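Chemist: Numbers -16 to -1, 1 to 110, taken from mature numbering (1 follows the signal peptide of the UniProt record, and there is no 0), label the letters of the sequence shown in order.
The reader is advised that the hints may include incorrect statements.
As a list, the in silico SDA-like pairs of lysine to any residue whose alpha-carbon atoms are at most 20 Å apart [what the hints assert, rightly or not]:
1. K103 - E93
2. K103 - V67
3. K103 - R70
4. K103 - S5
Have a look at the derived ranges for each label pair, beta carbon to beta carbon [unchecked claim]:
5. E93 - V53: 15 to 25 Å
6. V11 - M(-16): 12 to 22 Å
7. S86 - V53: 16 to 26 Å
8. E104 - D37: 31 to 41 Å
No lab work stands behind these hints: they were computed from the structure.
Remember, it's a predicted structure, so these values are computed and weren't measured experimentally.
Ideal placement from N, C-alpha and C gives every residue a C-beta, glycine not left out.
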Amino acid sequence: MTIALVLDSSAMAAFAAGSVSVGELIVLVDEEAQFVALPAAALAQAFARTGPDDRGVLRMLVRGARSVVAPLDADGSEGVGLVARRCDLATAHAAVVATDRSAVLVTAEPAAFAGLVDKEMIIEVG
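Please work from the sequences and hints to get the whole structure.
Modeler: Dropping the structure here:
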């Protein structure tokens, strides 16, 4: 399974609010038969950031054929925890998933990933 994109909580919240740019990226991934990773910690934060109407869109994203929820399990907890010394847990989880998978990180808050993810591996969305 090839993970092409990792969405952070801000990208998921933007998608839930109707961001066309995030939707277009997901369509491109689907056309290439690749996958979009939703880090579990970032997904939880996205649910916290959205209202009731937008949560339905997030639930659809999770159930998408090309969506994979990346767990925060025993194997990854230490690495994510060490990165979280420099940022919040959701940001750390997204950064670790993106770097471990050599995937492009999609975010509306690129400054949060400064020093965590190479700039050329970040797509900023609105």
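Chemist: Going through the earlier hints one by one, which of them does the structure break, listed in rising order?
Modeler: Hint check: nothing fails, all pass.
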